[in-house]
Amino acid sequence: MDFFVAQFLTGLASACSLFLVASGLSIIFGVTRIVNFAHGAFYMLGAYVAYSLTERFSGALGFWAALVCAAALVAVLGVAMEILLLRRIYRAPELFQLLATFGVTLMVEDLVVLVFGPEDLLGPRAPGLKGAVDILGQAIPAYDLFLVALGPLVLGAIWLAFHNTRWGILVRAATQDRDMVAALGVNQKWLFTSVFALGVFLAALGGALQLPREAVNHAMDLKIIVEVFVVVVIGGLGSVTGAFLAAVLVCELNAFGVLVLPQVSLVLVFAVMALVLVLRPYGLLGRPDGAARPAIGTFITPWRPFTARERMLVAALIALVALLPLGAGVYVLSVAAEIAIFVLFAASLHFLMGAGGLPSFGHAAYFGLGAYGAAFALKLAGLSMAGAILLGPLLGLAGAVLFGWFCVRLSGVYSAMLTLAFAQIAWAVAFQWVGVTGGDNGLLGIWPQGFAATPAGFYWLALALAIMGVAALRTLIFSPFGYALRAARDNAARAEALGIDRHRIQWAAFALAGLFAAVAGALFAFLKGSVFPDTLGIPLSVDALAMVLLGGVETISGGVVGAIAYKLLSIWLMSETVHSKLVLGAVIVTLVVAFPHGIGGAFTRLRDRLGGAAA
Amino acid sequence: MLEVARLDAFYGRAQILHEVGLRVGPGEALALLGRNGAGKSTTLRAIMAQGPRRTGEIRLLGADVSRLQTHELVQAGIGYVPEDRRIFTDLTVMENLEVGRRPARPGHAPWTAERLFALFPNLAEMRQRRGGQMSGGEQQMLTLARTLMGNPLLLLLDEPSEGLAPRIVEQIALAVMALKTEGLSILLCEQNLHFARLICDRACVMARGRLVFEGSFATLEADPARRDALLSV
Amino acid sequence: MSPPLLEAESLAKSYGGVAAVRGVSFSLAAGEILALIGPNGAGKSTCFGLLGGQVKPDAGTVRLSGQDITGAPPRRLFRLGVGRTFQIAATFASMSVRENVAVALLSHHRALARPFGRATHPHHAETDTLLDLVGLADQAGRASGELAYGDIKRLELALALANAPRLLLMDEPTAGMASGERIALMRLVARLARERNMGILFTEHDMDVVFEHADRVLVLDRGSLIAQGPPAAIRADAQVRVIYLGTGLTFAGDADA
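Chains F, C and L, in that order, give the protein sequences. Note that my numbering gives residue 445 to position 445 of the first sequence, counting from 1, and the numbers run on in steps of one. Note that my numbering gives residue 647 to position 32 of the second sequence, counting from 1, and the numbers run on in steps of one. Note that my numbering gives residue 934 to position 86 of the third sequence, counting from 1, and the numbers run on in steps of one.
These aren't lab readings, by the way, just hints derived from the structure by calculation. A virtual CB, placed ideally from N, CA and C, is assigned to each residue, including glycine. Any given hint could be a false lead.
What the hints assert, rightly or not - Covered stretches of chain L (in silico footprint by chain F; criterion: 3 or more residues with CB under 8 Å from a CB of chain F, positions within the stretch not fixed): (1) 866 to 874; (2) 948 to 955; (3) 994 to 1000; (4) 1006 to 1013; (5) 1022 to 1029.
Given only the sequences and the hints, what does the whole structure look like? Please build it.
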């Protein structure tokens, strides 16, 4: 009993920071309709800046002043991002805003290492709260009790500000109908900026408050952002009270889940989130979002299959690429095989996003599941390489069938956040279930066999499967199924009125996209000879997303073009600079602002313009 | 007060307003009549830079305001009461009024909650009630009161009588007449001819995105057959 | 006697305590053209949503040829032979005109689940017939996203006709069209109703359209049906004239005085 009380209090203490970050994200979304992926980065910056300031400020007062100053400084950075970046893309599709803020996250991760170094930093204990308090015979850290009290206090303060200040009333009004607020003479620009400042302040404060509890490191941002997404999906976007309830729920589930299912406590959180979403698709206290904006831009030029001449050209290109082993060494062949694998991976995501209109921030889940599936088939079931590549992807398919059922039932932002959360859960299972997956040590010794054992052989295998996969996806796009899918994306009401079961067809597309990603994953396992949890990780998901958006969602070959360009760029950057994330992030941000239609889209537009001039 | 000239508006490729021209004098009330879908609400939305893409000239007190954003138009003196009321349902009556509050204009007595409660006594009894728990008529009064808190010089009213019981329509008409007496200029979109005639001096009739009549109510009513052709079934 | 094609009985729907539709009952025979009119906010859109499966009623029933279809989702209504056009024309903007119609026909022939083969190959002749019917044959290859609004409306009609419906629900079929186009479109719809014995229910603001084509007119005001009958009777109905010109019950006398 006593132990349970202690565990409960620990859960509440963890909920405090999570609530601060989640409420900030929720408030920002409520007013600006932007899901700020960089919120985790601001949380991390809050912790780093607070660490630096506590080193400089002395005394008991200095510690607390450092926390608040850190949060304020980071809020200024947040405002700078809002003014310089987000103001340019408020009217852009949701996905581009998510991608832009993700680009910022990448940059921050590298900058943090540059400025503060790669080591974990241990902050000071909180002055006056260093000891423990005895509660029912259990020693509870005094700082935890402080956090337990702080959470509700902040909730109360936000509530008071929202109900008793003009600014708060405007924020609540804008959350409901921001155009009406403008029609009453309020300048939205500055309202948005001020809301952003508050949201980022809360996130940074959440990070700073973690200083006495855990070491500061440069991976904090992704860890928190996933939890925050789960929290706001459960609590309801735009609801601060919902964020509080959900933060407590998630942290208590974690605290007690460890007792029940020590290896995979996240599964419990996942199950609860799934339950909440089935019962309340907009979260505990959320409400349906009236004006749903398209997550992806509008399409103008209808897709068409290759003409005979284009098909000849593609065949010639393929033949040329297939001849690569005649003149290339082992390293080049391995890079080329990797590119082929990523072409298939990106094409599968492009199918889901472009044809299906279903953005996924966690597509690596199916890639990684395919890789693990192949490894299991080889190691546990004792199958050959061919068997592993054939059957391994079924694990990815199973994952996509399970997760897809939820994702297609939610609207744009919720769905995208859910895909990310699912991927992270898959990652956590792979990471924590050491007995089966080997955890962080991964599964080793997954080498190609037979003809594929040579670099050239494996390159041909990867190339052949990638070409077959991409061709199959193209065939799907022009098949009746593909048209039904695009119909559901273009106009849900019209599709339903024409007898199309939108959820079922999107679910099928989700499963198919997962299957093709899993094939790519299985190949990847054999390319590397091993499988690690990274193959399910967020960075890989975002790589795929960047490839698709870079190539152009609206262009049928966008995934293929984007994968080649992005992969070449990142391999080159990796060799040229140690700050590849910084450069990549900057590239992503620039591309989102400059080319909202991607490389492929820009090319199509150019071709249309030239064609139009000729006609 | 307000001059609109050659106003065209487009939703995507569809042109929905064609060369609309209007003039509202200081202290004047102009009715914009027409059946559903004639383009009345669109005209108001286009003036307020909300919704459709538009071209044309809009002048307020002689100054060109056609490039201003919505909130700047409000600051310049246009008050807009939209068609579907758009009350903030989570906010109380007092909070709804607070959203609309703007600084006083020199030379004009500013609107306060108390002055508005004198105009709409119903609202005074429900200061802390949430917008979502009010009846349609109460919401209509609140949306009018909320806009008045911005101390407008010109009021754009979009179908204030829509879907309301006659007794409520009467209260709202009395209130708008009082506003006119105070010197407020009014551009009123209406389907309710009697309501419009009570308040307004002149009428414009729209059909299919164009102005098809402009003149006094007497001229409009002088030929009932024509009036019915323009407005009735 | 066989039951009427469409029968609505005591339909009611309220939103947050405000009644949008209260106790609406009417019926529609096969081959009949019925117009639903009323001022803004009268409940026409809600009424249409209730019949088209977009809105679930609080009370009341809807029957199609005697079969209870209350609250049935739109995709089931499609299978039962109901066609639908929307107030803001709904087509598939990323597809060409021909592809739009192909999707509708594939769905009608239950061939949409096939994951291989070109979607535009089957039903070629049927596609041409539909496009001819609405006069879009010469624009078959164009992107539907770049059509003029009147053409989009006609394309939508072709989509709604793809399942050879026995009942067509049209929400403001001519809104946003130029005058000449309106007349042509409604004449086509009227002709189809006669030729195919298809029932049509439509809402419309353009009274010329209503009085030229409707066999019968329903008038909604504040959620209730206040009149129904042939166009001439509706035109002469004093109550209907009053609601269109404004109630004015209190003020008519003062104002005239």
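Margin query: Is the coverage entry for the segment 994 to 1000 of chain L by chain F consistent with the three-residue Cβ rule at 8 Å?
Written below: With 1 residues close enough to chain F, the hint is violated.
Checklist line | Coverage assertion for the segment 948 to 955 of chain L with respect to chain F, Cβ distance below 8 Å, three residues required | finding: holds (count 5)
Given coverage of the segment 1022 to 1029 of chain L by chain F, checked by CB-CB distance under 8 Å (3 or more):
Coverage by chain F is violated here, the residue count being 0 at a Cβ distance below 8 Å.
Requested in this report: Confirm or reject the coverage of the segment 866 to 874 of chain L by chain F under the rule of 3 or more residues with a beta carbon closer than 8 Å to the chain's beta carbons.
Outcome: n = 0 at 8 Å, threshold three: violated.
- Counting residues of the segment 1006 to 1013 of chain L that have a beta-carbon nearer than 8 Å to any beta-carbon of chain F, does the count reach 3? With 4 residues close enough to chain F, the hint holds.
The structure fails to meet hints 1, 3, 5 from the earlier list, while all remaining hints are met.
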